[in-house]
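Residues per chain, in single letters:
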Amino acid sequence: MIRMFGRYLILMGEVFRKPEKGNIFRKQLIVEFQSLGVESLGIIAIISVFMGAVVAIQTAYNIDTPLIPLTMVGFTTRQSVVLEFSPTIISLILAGKVGSRIASEIGTMRVTEQIDALQTMGVNAANFLIFPKITACLLLNPFLIVISMFLGIFGGWLACITTQMVSSQDYIIGVRYWFESYTIFYALIKTVVFAYIISSVSAFFGYYISGGAIEVGTASTKAVVYSSILIIIFNLILTQLLLT
Amino acid sequence: MIRANNISKSFGDTRILKNISCTFEEGKTNLIIGQSGSGKTVLMKCLVGLLNIDEGEIDFDNRVFSKMSNKEKKNICKELGMLFQGGALFDYMTVEKNVMFPLSMFTKQSYSEKLDRVNFCLKRVNLENTNNLMPSELSGGMTKRVAIARAISMNPQYLFCDEPTSGLDPLTAGLIDDLISEITNEYQTTTIVNTHDMNSVMNIGDKVAFIYKGELWWEGTKDEIMKTDNIELNDFIFSTELTRRLKK
Ligand SMILES: Nc1ncnc2c1ncn2[C@@H]1O[C@H](COP(=O)(O)OP(=O)(O)O)[C@@H](O)[C@H]1O
Ligand SMILES: [Mg+2]
Chain A
1 MIRMFGRYLI
11 LMGEVFRKPE
21 KGNIFRKQLI
31 VEFQSLGVES
41 LGIIAIISVF
51 MGAVVAIQTA
61 YNIDTPLIPL
71 TMVGFTTRQS
81 VVLEFSPTII
91 SLILAGKVGS
101 RIASEIGTMR
111 VTEQIDALQT
121 MGVNAANFLI
131 FPKITACLLL
141 NPFLIVISMF
151 LGIFGGWLAC
161 ITTQMVSSQD
171 YIIGVRYWFE
181 SYTIFYALIK
191 TVVFAYIISS
201 VSAFFGYYIS
211 GGAIEVGTAS
221 TKAVVYSSIL
231 IIIFNLILTQ
241 LLLT
Chain B
1 MIRANNISKS
11 FGDTRILKNI
21 SCTFEEGKTN
31 LIIGQSGSGK
41 TVLMKCLVGL
51 LNIDEGEIDF
61 DNRVFSKMSN
71 KEKKNICKEL
81 GMLFQGGALF
91 DYMTVEKNVM
101 FPLSMFTKQS
111 YSEKLDRVNF
121 CLKRVNLENT
131 NNLMPSELSG
141 GMTKRVAIAR
151 AISMNPQYLF
161 CDEPTSGLDP
171 LTAGLIDDLI
181 SEITNEYQTT
191 TIVNTHDMNS
201 VMNIGDKVAF
211 IYKGELWWEG
221 TKDEIMKTDN
231 IELNDFIFST
241 ELTRRLKK
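Order-wise, the sequence lines are chains A and B. Using our numbering, the first residue of the first sequence is number 1, and each one after it goes up by one. Using our numbering, the first residue of the second sequence is number 1, and each one after it goes up by one.
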């Protein structure tokens, strides 16, 4: 375990260098935006809407005393979605989708000797392959999460008006109630840390494969498992640090 | 000329290369032959610096690899081209982009200069008008040829080929061998070829080194190889029915 962490640090030392050619790096970054971000939009949208809807329905269902106003539904949905569901759950989903993709892409390049080919040409392969991916995730995931927050709250509203448990007006009042911008800051900090975990841990598992196609599969599974666990652990740590 | 001086390499407790000393000459195709698993690829990866050697020294025209700074190592990298066993083409790039890659990475040439060079290299390997194909659309022989084109795009002084003919039919294999040998003569490169293919040995074996279980077992030319009485080498050469019959 400690050896693995050491190798991870060494790899990151290689990754965080100035790219050989700025224009090539920019082109790669655009490709990564497309494949790591835009292609995840669909699944994020679906999950966020349903997540928000479920939170709203459950909250409404649990309010059975007239002492608690129904505007609480909007408030609770917003708080849950912004604080936890969007940053953490969506990051876990991205760990599965983006993480396995990064690990298998880099792993395949390793087993087909493409990484060796880069190195014999004198290219810093770790920097060339991994840096654009990490950068893309760090820049893009906050946007994805913000979109997810809006869609989650929208999903809650949709659920309220279709089930007629809460009126549209009450819900919106609730959503706007007692809003602290610090919660957004907290959520985005989490998102950025999780984005770094997903991209760097997955790249690490892909980069150090030896063997063949089976190892590529094993590595992408490991990438997802490790980055998910790390996300959960860091979620706790960051919550302790930032919210208490 | 590339010289390996007493090099050893182990993975964990298994010694893969045992005190190999060998020279590879300029303008010649130097072959490394041996059974699968004998350590040919490991030896080649040590020579190009992909693997670190445990003992010994490697020098490129008297420039000792282990004593070089990272910058000097990088400069050597630009002087060498390598053809990997599976081609190792970048599979998300077209043929043109693959061959152009080293040029884009390390030169300041304009696009049209680079394109000229790419077309020249592709023509050299008889693959004109394949610029826009993806690696997945190429046959085995074409893949190897594109990989050769990429390896020579920077005009290397040293050319390394790991099993260039494995997995190809004898005719295509012959074409690849000829190509490698022509390029070597034309540009006077120091060419090192790993192979277990006796046809290649007979075609292009200017100088042959036989690796047996990680040791340098025999060295000589393709003419000497037929007359040797080295037992292990004989077993290796005359391992097929065809070659045995020919010997009789
Ligand atoms: N990265 C590695 N880690 C451990 N063992 C390796 C590694 N690479 C090669 N080997 C071992 O070294 C031996 C020689 O392999 P190789 O050089 O690929 O043989 P070949 O002559 O067929 O090219 C094999 O037994 C192989 O298992
Ligand atoms: Mg081999």
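Calculated directly from the structure, the hints in this document are not laboratory data. Quick reminder that beta carbons are idealized off the backbone N, C-alpha and C, glycines included. Worth double-checking, as some hints may not be accurate.
20 Å max Cα-Cα, derived EDC-like pairs, lysine to aspartate or glutamate [to be verified]: (1) K108(B) / E128(B); (2) K74(B) / E105(A); (3) K18(A) / E72(B); (4) K78(B) / E105(A); (5) K114(B) / E20(A); (6) K71(B) / E105(A); (7) K248(B) / E232(B); (8) K73(B) / D116(A); (9) K247(B) / D116(A); (10) K74(B) / E215(A); (11) K21(A) / D223(B); (12) K27(A) / E105(A).
Ranges of calculated distance between the beta carbons of each label pair, as one might list FRET restraints [said to hold, decoys possible]: (13) G217(A) / T228(B): 44 to 52 Å; (14) I214(A) / R15(B): 47 to 55 Å; (15) T23(B) / G212(A): 54 to 62 Å; (16) I189(A) / N155(B): 32 to 40 Å; (17) T221(A) / G12(B): 47 to 55 Å; (18) G212(A) / K123(B): 31 to 39 Å; (19) N52(B) / L188(A): 19 to 27 Å; (20) F11(B) / V225(A): 54 to 62 Å; (21) L241(A) / S8(B): 44 to 52 Å; (22) I2(A) / T243(B): 48 to 56 Å.
Covered stretches of chain B (in silico footprint by chain A; criterion: 3 or more residues with CB under 8 Å from a CB of chain A, positions within the stretch not fixed) [as the list claims (entries may be wrong)]: (23) 83–96; (24) 104–115.
Status of the hints after comparison with the structure:
Between K108(B) and E128(B) the CA atoms are separated by roughly 24 Å; this puts the pair beyond 20 Å, and the hint is violated. This hinted pair does not check out: K74(B) and E105(A) have alpha carbons roughly 26 Å apart, beyond 20 Å. A hinted pair counts as satisfied when its Cα atoms are at most 20 Å apart, and K18(A) with E72(B) qualifies at roughly 19 Å. Among the hinted pairs, K78(B) with E105(A) is inconsistent with the structure: their alpha-carbon atoms are about 26 Å apart, more than 20 Å.
As the CA atoms of K114(B) and E20(A) are separated by approximately 18 Å, the hinted pair is consistent with the 20 Å bound. A C-alpha spacing of about 29 Å is found between K71(B) and E105(A), which places the hinted pair above 20 Å, so the restraint is violated. A C-alpha spacing of about 18 Å is found between K248(B) and E232(B), which places the hinted pair at or below 20 Å, so the restraint holds. Between K73(B) and D116(A), the direct Cα distance comes to roughly 15 Å. Compliance with the 20 Å bound is thereby established for this hinted pair.
Between the alpha carbons of K247(B) and D116(A) the distance comes to roughly 40 Å, so the proposed pair goes past 20 Å and is violated. This hinted pair does not check out: K74(B) and E215(A) have alpha carbons roughly 30 Å apart, beyond 20 Å. Between K21(A) and D223(B), the direct Cα distance comes to roughly 48 Å. Violation of the 20 Å bound is thereby established for this hinted pair. Simply put, K27(A) and E105(A) have alpha-carbon atoms about 18 Å apart, close enough for the 20 Å limit, and the pair holds.
Against the hinted window of 44 to 52 Å, the Cβ-Cβ separation of G217(A) and T228(B) comes to about 46 Å, which satisfies the hint. Evaluation of the 47 to 55 Å hint for I214(A) and R15(B) yields a failure: the beta carbon distance comes to about 27 Å. Taking 54 to 62 Å as the suggested C-beta distance range, the pair T23(B) and G212(A) does not conform, at roughly 34 Å. Under the hint 32 to 40 Å, the C-beta atoms of I189(A) and N155(B), about 50 Å apart, miss the expected range.
A hinted range of 47 to 55 Å is violated for the C-beta pair T221(A) and G12(B), which are about 25 Å apart. G212(A) and K123(B) have their C-beta atoms about 35 Å apart, which keeps the hinted 31 to 39 Å range intact. Look at N52(B) against L188(A): about 43 Å separates their beta carbons, and that is not inside 19 to 27 Å. Restraint check, F11(B) to V225(A): a C-beta distance of roughly 27 Å breaks the suggested window 54 to 62 Å.
Remark: the range hint 44 to 52 Å for L241(A) to S8(B) is upheld by a beta-carbon distance near 51 Å. Between I2(A) and T243(B) the beta carbon distance is about 53 Å. The supplied range of 48 to 56 Å therefore holds. Interface restraint, the region 83–96 of chain B with chain A: holds (7 residues with C-beta to C-beta distance below 8 Å; minimum three). As drawn, the region 104–115 of chain B meets chain A at 3 residues by the rule of a beta-carbon pair under 8 Å; at three or more, the given contact holds.
Going through the hint list in order, the structure does not satisfy hints 1, 2, 4, 6, 9, 10, 11, 14, 15, 16, 17, 19 and 20.
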